[in-house]
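There are 2 protein chains.
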Amino acid sequence: MQDILFDFISKYISLTEDEKNEILSFDIFRSVKKGTILLKEGQKSKDEYFVLKGCIRKYYIIDGEEKTTAFFTEMDALTPHCAINNTPSDYFVSCVEDTILTVASTDLGIELFAKFPKFQDMCRILSEELVAKQQINFDEFKISSPEQRYLSLIQKRPDLIQRVPQHQLASFLGIKPQSLSRLRARIVEKKN
Amino acid sequence: MQDILFDFISKYISLTEDEKNEILSFDIFRSVKKGTILLKEGQKSKDEYFVLKGCIRKYYIIDGEEKTTAFFTEMDALTPHCAINNTPSDYFVSCVEDTILTVASTDLGIELFAKFPKFQDMCRILSEELVAKQQINFDEFKISSPEQRYLSLIQKRPDLIQRVPQHQLASFLGIKPQSLSRLRARIVEKKN
DNA sequence: TAAATTTGTTCACTTAAGTTAAGAAATGCG
DNA sequence: CGCATTTCTTAACTTAAGTGAACAAATTTA
Numbered sequence: 523m524q525d526i527l528f529d530f531i532s533k534y535i536s537l538t539e540d541e542k543n544e545i546l547s548f549d550i551f552r553s554v555k556k557g558t559i560l561l562k563e564g565q566k567s568k569d570e571y572f573v574l575k576g577c578i579r580k581y582y583i584i585d586g587e588e589k590t591t592a593f594f595t596e597m598d599a600l601t602p603h604c605a606i607n608n609t610p611s612d613y614f615v616s617c618v619e620d621t622i623l624t625v626a627s628t629d630l631g632i633e634l635f636a637k638f639p640k641f642q643d644m645c646r647i648l649s650e651e652l653v654a655k656q657q658i659n660f661d662e663f664k665i666s667s668p669e670q671r672y673l674s675l676i677q678k679r680p681d682l683i684q685r686v687p688q689h690q691l692a693s694f695l696g697i698k699p700q701s702l703s704r705l706r707a708r709i710v711e712k713k714n
Numbered sequence: 523m524q525d526i527l528f529d530f531i532s533k534y535i536s537l538t539e540d541e542k543n544e545i546l547s548f549d550i551f552r553s554v555k556k557g558t559i560l561l562k563e564g565q566k567s568k569d570e571y572f573v574l575k576g577c578i579r580k581y582y583i584i585d586g587e588e589k590t591t592a593f594f595t596e597m598d599a600l601t602p603h604c605a606i607n608n609t610p611s612d613y614f615v616s617c618v619e620d621t622i623l624t625v626a627s628t629d630l631g632i633e634l635f636a637k638f639p640k641f642q643d644m645c646r647i648l649s650e651e652l653v654a655k656q657q658i659n660f661d662e663f664k665i666s667s668p669e670q671r672y673l674s675l676i677q678k679r680p681d682l683i684q685r686v687p688q689h690q691l692a693s694f695l696g697i698k699p700q701s702l703s704r705l706r707a708r709i710v711e712k713k714n
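As you go down the protein sequences, you meet chains A and B in turn. Position one of the first sequence corresponds to residue 523 (the numbering used here), numbered consecutively onward. Position one of the second sequence corresponds to residue 523 (the numbering used here), numbered consecutively onward.
These are calculated hints, taken from the structure and not from any lab test.
Which copy is meant is left open, so a pair is good if it fits within one copy or across any two.
EDC-like mimics (lysine to aspartate or glutamate), calculated; alpha carbons at most 16 Å apart, straight line:
{"#": "1", "residue 1": "589", "residue 2": "662"}
{"#": "2", "residue 1": "637", "residue 2": "544"}
{"#": "3", "residue 1": "637", "residue 2": "539"}
{"#": "4", "residue 1": "664", "residue 2": "588"}
{"#": "5", "residue 1": "664", "residue 2": "612"}
{"#": "6", "residue 1": "533", "residue 2": "598"}
{"#": "7", "residue 1": "640", "residue 2": "541"}
{"#": "8", "residue 1": "533", "residue 2": "651"}
{"#": "9", "residue 1": "568", "residue 2": "650"}
{"#": "10", "residue 1": "655", "residue 2": "612"}
{"#": "11", "residue 1": "589", "residue 2": "661"}
{"#": "12", "residue 1": "664", "residue 2": "587"}
{"#": "13", "residue 1": "640", "residue 2": "544"}
{"#": "14", "residue 1": "555", "residue 2": "620"}
{"#": "15", "residue 1": "575", "residue 2": "596"}
{"#": "16", "residue 1": "655", "residue 2": "598"}
{"#": "17", "residue 1": "568", "residue 2": "612"}
Let the sequences and hints guide you as you build the complete structure.
Spelled out as structure tokens, the structure:
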């Protein structure tokens, strides 16, 4: 399982066996059950997550209603905003499926930066990549209708449609579950 | 004018006079007229922009229609996605107003990283901040209706409503200009 | 396994955004 | 300055999403 982590890291920097062992010594691997809440609204946490297997989701509760804004699956990293500026979280993070992930506090990151300066390089590249990816995602969302967003999701993350409940998907697409049902029926209709 | 740049930088790292002069020697300040197109779709450019005064906007042209997805004003930085992965741009960048900005190629950035390693620190912090800010923006956009988005824009970037044409604002809010007009009329209605 | 809960779909109705078109207001330019 | 273009608003009509409710199906759990 840890191979997934090192495969990921090796895309950015190379590590010696000693360095790998050093990292493993931190005991950052966690196996969490479906439904487990990793982060609650109002909570101050410094934990960052990296998904090795499974799926976690980020959601707000507005007027008692869940609003899912992101899913993180294999090889996705989630650094909650509260971990960066040490403020209470304004959203929840929970497991959509049984999930294996690494949990590391930002302090551990700083420790690693001191010991292995090359980690800084990886983090800089990662956040730059992430900025670019997020911008594109946001732009696409803005310039598309819900139907276009759904069709594009089928292309880009077909797995999500299988593994995530419809009502969470709907919210992720910026609409209500009923609208997603209707929209799907409409698409099937059009095909014939 | 360059003070704005150094004030900004000083929030992250401190520079000696010599270092400042070194930076100034690169001649990166540009004064551009309203309407000037800085980046075109299909173009490969390595330029990054930092707005000192004025406003630039990023937009796509889809089926002959402009779709504005972002505005950059004083102290905002825009690193076009094409500058990062050296691919043709899929959007345009143009000046909403007469604008003073710095234009620096990513190569210059790399040169600066080599000469002043502390620049790396600034860039890492900047991109991390940007990732966080973008995530919040995206989340807010997703969980809000066009009307809520408009009301929140009035709170958060009231200047934009004054300085940017309505039809560009509409597109930025994810709706058509006619809908923005109607929505505004509706809000005034409600107040009474 | 049976009951309870969660999840997904359908329907009728309401609300708001998209579309097309027309005209007024503001801006730019010769 | 005056004409042309761009920008903004309004209106009537269409389309799609929101809402509330009912029901079926799937999943959880006691």
